Structure formats: structure tokens, C-alpha cells
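Participant: Both chains are sitting in their own frames, so use the hints and assemble them into the complex.
Each protein sequence line maps, in turn, to chains A and B. For the first sequence, this note's numbering begins at 1 and goes up steadily by one. For the second sequence, this note's numbering begins at 1001 and goes up steadily by one.
None of these hints come from the bench; they were simulated from the model. Owing to the predicted nature of the structure, the values given are computational and were not obtained by experimental measurement. Not one of these hints is a red herring.
Once the Cα atoms are required to be at most 27 Å apart in a straight line, the calculated BS3-like pairs of lysine-lysine come out as:
1) B:K1106 to A:K3
2) A:K57 to B:K1049
3) A:K55 to B:K1106
4) B:K1061 to A:K3
5) A:K3 to B:K1049
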Amino acid sequence: DVKVTQSSRYLVKRTGEKVFLECVQDMDHENMFWYRQDPGLGLRLIYFSYDVKMKEKGDIPEGYSVSREKKERFSLILESASTNQTSMYLCASSSQGARQYFGPGTRLTVT
Amino acid sequence: AQSVTQPDIHITVSEGASLELRCNYSYGATPYLFWYVQSPGQGLQLLLKYFSGDTLVQGIKGFEAEFKRSQSSFNLRKPSVHWSDAAEYFCALNSGGSNYKLTFGKGTLLTVNP
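So that you can see chain B by itself, here it is in the shape it has in the complex (with noise of 0.2 Å):
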């Protein structure tokens, strides 16, 4: 069975501060994998996804992540954070199948200090 753990449930980071929010599964072959940002009271934006190609995936609002298939890891990160990132973020992969379900992490939420 496939799985996604994030193994952060709460991170605090400071506005300027790097990021790295991390991201491991379990499935036999190579999935398909997003990254969700989740804003309070809205529904899941995507950020990024990796289907194949290069393993360093660009997304939007200046976020980033590496798919390392040897450490079966997915992690976002972003150089300097903004208070506007605050939210709780989401990794989901998804085997191929054509009903296209997605398994979701249990999130990581993000609070960003002045």
C-alpha cells in the first residue's frame, strides 16, 4: 500500500528564514507527487508536482522541491520566507492509476514570526 508521511507536524521559522518542509513515501515504482499549501478557511492551492524529468521541480510563489527517489523523499523548500506563507501545506502522491486518487500526508503547518 501506498503511503505519505511528514514527520513535522508544526515548524516555526522566522520572516527571511529558509525553509525545508519534508516529505517521505512509500510506493514500489515511481509516483506521481504534489505539494498543496492550504491557507486558513480556503481549499488546497498546488504548488508544485513531479511526474518525471528533472528532479528539481520550480512551483509557484518562489517555492522548490527535489525528488530523491534513493532516500524516497519530496521535500519543499523555499530561500526566504514571507508572513504571507503561513498556512498548512500538504504532500500527496498519486500511483498512476487512472482514477488519479491521491494520498495525502497528514500535513505540516507553517507559523512565520515577524
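Chain A on its own, in the form it takes in the complex (with noise of 0.2 Å):
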């Protein structure tokens, strides 16, 4: 069955504290996509990943930085956490035919 992963349901960082987000996917997919999801705003694509190495930024990549080194994996990168980055993370991927499988997503606090 197919399972894209994230490394933390739930995560609490402190204000300026670098955090990672980790996302897997076992698919063999090309594409992977980092969504944000806040209440009333619905899904927003922060940053997403066609290829190894390759990255193009979303609709709001302000204050996040990305890094896919090799296909299985996407990592979402919060350079300096602030408080207005708490937020619902979401991790997806996708090949051919656009469907994207969506991972359980990561609850972040920044305090």
C-alpha cells in the first residue's frame, strides 16, 4: 500500500530555533509538495520537488527552505521559527495521472 511518511505528528520549538520536517514517501514518486494548513485558509503549497535536487517555490515560500537529496525524501526547513509559522504541515507526493498521496501531517507550535 502506498504510505508517505512524516517524522513528527506533533512538534513544539521555540521562537528563532531552526526545525526540520521530514517527509517520506515509499513510491518511487516523482513529485513531492509541502502544504501548510490553517483553519479558513485552507491548503497552501509552501515549496515542491519535480526531481533530486530540484525545488520550485509555492504560493508562500517566505521563511522556508527545502532540500530533496535524494527522491525518496523532502525535507521542509524553518530557517528561524516564528510564531506565525504554527501551523498544520502537510507532506505529499505524486507520479503520473496527478493524484497526490498525502502524508498524516505534522501539528507545529512555535512558543
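Facilitator: Next comes the structure, spelled out in C-alpha cells:
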């Protein structure tokens, strides 16, 4: 069965800390995505990657960076966490056909 | 630019009643369309998708959706709602580009009364 896993379900960090969110997929998918989800705003795309070492900005990339060194792993990095980055973060992957498979999400709280 | 609108933020239905969740899109050609469901604290699960062909699409859990080009709509329906259907529902659009990005609506929260 298809599987997208995220390193943590819940994470609490302090303002200014560097935060790494990890996502791993086992389906050999080319495309991987990071979204944040906030009440009333739906899902907003932060970054996506269509190949190893390739990345493109989504709709809200400010304050974030990403890394994709291996096909199965896509990391989201908050260089200096701020309270307005408190959110649910969802990772997804896809291959042909546009359907995206989602991980369970990481709920990040920045205090 | 493409966009997806879900006009209803929150809908409440009684168990056993029929359900229709609305989705309107803006895109110059025929898009790929999706409905996802998110149970509390969970990731998103695909209910159904439309790429081409028959405009009435069947999905999992007894859901169906109808693509209407003339109305730029892709409404989700279920004839009889179960308490376990309580969740948030998202409509999404893909323009068919090679990067397969999805544009999501803001979601509709469904509450089911016993």
C-alpha cells in the first residue's frame, strides 16, 4: 500500500529555532510537495520538487526552504521559526496522473 | 490564474439525509478535478477524481461527483450520510501541467447530527 510518512505528528519549538520537518514516500514518486493548512485558508503550497535536487517555490515560500537529496525524502526547513509559522504541515507525493498522496501531517507549535 | 471556490464553509446534516457539497472552479480549459476528505487530525484521503469521459464519477464510501462544464462545477453528493462522514472536504484542481500542482478550495466542514 502507498505510504507517505512524516517524522513527527506533533512538534513544539521556540521562536528562532531551526526546524526540520521530514517526509518520506515509498512509491518512487517524482513529485513531492509541502503544504501548510490553517483554519479558513485551506491548503497552501509552500514548495514542491519534481526531481532530486530540483525545487520550485509555491504560493507561500517566505520563511521556508527545502531539501531533496534523495528521491524518497523531502525536507522542509524553517531557518528561524516564528510564531506565525504555527500550523499543520502536510507532505504529499505524486507520479503520473496528478493524484497526490498525503502524509498524516505535522502539527507545529512555535512559542 | 486558476482557482477553486467552495461556497459553504460549514454544513450540518442529519444522519441518513442526502448531502451535496458545492465546488466551483475557474480555469480556461477542462481541468483535472479531485475531492479529498480529511478526518480530524489526519491527512487527506482521495474520494474521487475526474480527468475526462463520463461526467458522473463514482468514488469511495458511496460518494459521487458530477462535472458540469457549463457551470464550472464539480459538486460532491451522497444519498445517505453516515455519522462517520463527519470531516472536512476539499475540492482541488490540476491544470494538467507536468508538475501536477493542485489548487485547493478552502474546504467545507461537515457536521452530522444523530
